[in-house]
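There are 2 protein chains.
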Amino acid sequence: VPFSPADRLPAPVLPALAYPPTLIPNAINYNAAVEATYVRSIVPAVCEAGDDQNYGSSATCDVAALQALSKRIHYGKFIAEAKFQEARAEYAALARAGERDGIWALLSNAAVERVLLARVERKARNYGGDVTDAGVRDVFKVEPAAIADIYRDYIIPLTKEVEVDYILERARLLQRQEVEDAAAN
Amino acid sequence: VPFSPADRLPAPVLPALAYPPTLIPNAINYNAAVEATYVRSIVPAVCEAGDDQNYGSSATCDVAALQALSKRIHYGKFIAEAKFQEARAEYAALARAGERDGIWALLSNAAVERVLLARVERKARNYGGDVTDAGVRDVFKVEPAAIADIYRDYIIPLTKEVEVDYILERARLLQRQEVEDAAAN
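One line per chain: the protein sequences are A and B, in this order. Under the numbering used here, think of the first position of the first sequence as 1, with each following residue one higher. Under the numbering used here, think of the first position of the second sequence as 1001, with each following residue one higher.
Just so you know, these hints were derived from the structure itself, not from any lab. Source: prediction; values computed, not measured. Each residue gets a CB set at the ideal place from its N, CA and C atoms; glycine is no exception. Check the hints yourself; a few may be wrong.
Claimed, not checked - Short, incomplete list of chain B residues facing chain A, as computed with Cβ under 10 Å:
1) Pro1005
2) Asp1007
3) Leu1009
4) Pro1012
5) Arg1119
6) Arg1122
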């Protein structure tokens, strides 16, 4: 899901990979929200205030971070497809009734999220810690708990918005197919 | 030290940062050697054989890895400047005699290198390990010892080539300045 509009990107140099189709065709794109969240909420949470003059290096890191966030958040499409396949009837009924909150609730699993947040903090502690010759590693550029908070407050909710949108589109397609199948029989 | 020739790069968007001058002007550029070493020796040491079709993602990672290697190896200029300032007379004498091997030996410190290699392996073990919910971390995409070997066999020697080249240029400049000073007095 690229940030730049497709008509402003050059044609790819490489041919597209031939994946087995997993998702339904969709145009769900939360990159505007990803960028706004990154600029307004995530950067202030992980960066010291002030101006270090390193605009070029910062922009390079921003692009890498934005693309990683976008990729992670749009993976919600795959999560939603798997969850939809496990509970088609429930999701279809909620979608027909326009119950966005109901879909959100059905997608949510507080226990799984708690485990995820604990794992995120453990990863931040491990990968973000300082390795010294003495092996001490309790110095962090960003507090591990702050990374877990970013997951809880921004990454998980944005992923779930993607999931809800996908479920709605998925249910609409299912309904169209059922109508067509009924007409064909 | 960019990989692309300056005349083929677009003009920078940002103004250059104003650093205090630390290095003498020099055109030392080991990027051709960095790239050859990466393609022929480093990639085969860290990647499984075979074709995973992900050419685009691989190329993106290659660029990041090559730029990181290049940056690390060309930091040798700063190391060499510091070492030269600590032992001007010795380096100048070796440079005047064209003793490249002698400069290499004077730059080398086996004890420091042993500590560095141990730290590299510890970092590779920490940052390259798998963080699971159980906290076990003994699964590695690349064996930590292989990363230390890459430092020992390629990164340290290339850095030292940069250092020797810099010392030679540094000594030539010192000699020119001494001749000029003598002429002026």
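Evaluation of the provided hints:
1. Interface hint at Pro1005 of chain B: violated, since its Cβ lies 19 Å from the closest Cβ of chain A, which is beyond the 10 Å cut-off.
2. A distance limit of 10 Å between C-beta atoms decides the matter here; for Asp1007 of chain B the minimum to chain A is near 20 Å, and the interface restraint is violated.
3. The beta carbon of Leu1009 of chain B comes no nearer than 13 Å to any beta carbon in chain A, farther than 10 Å, and the hint placing it at the interface is violated.
4. For Pro1012 of chain B, the interface hint holds, the least distance from its beta-carbon to any beta-carbon of chain A being 8 Å, beneath 10 Å.
5. At about 6 Å, the closest approach between the beta carbon of Arg1119 of chain B and any beta carbon in chain A falls short of 10 Å, and the interface hint on this residue holds.
6. A cut of 10 Å between beta carbons decides the hint on Arg1122 of chain B: the least distance to chain A is about 6 Å, and the hint holds.
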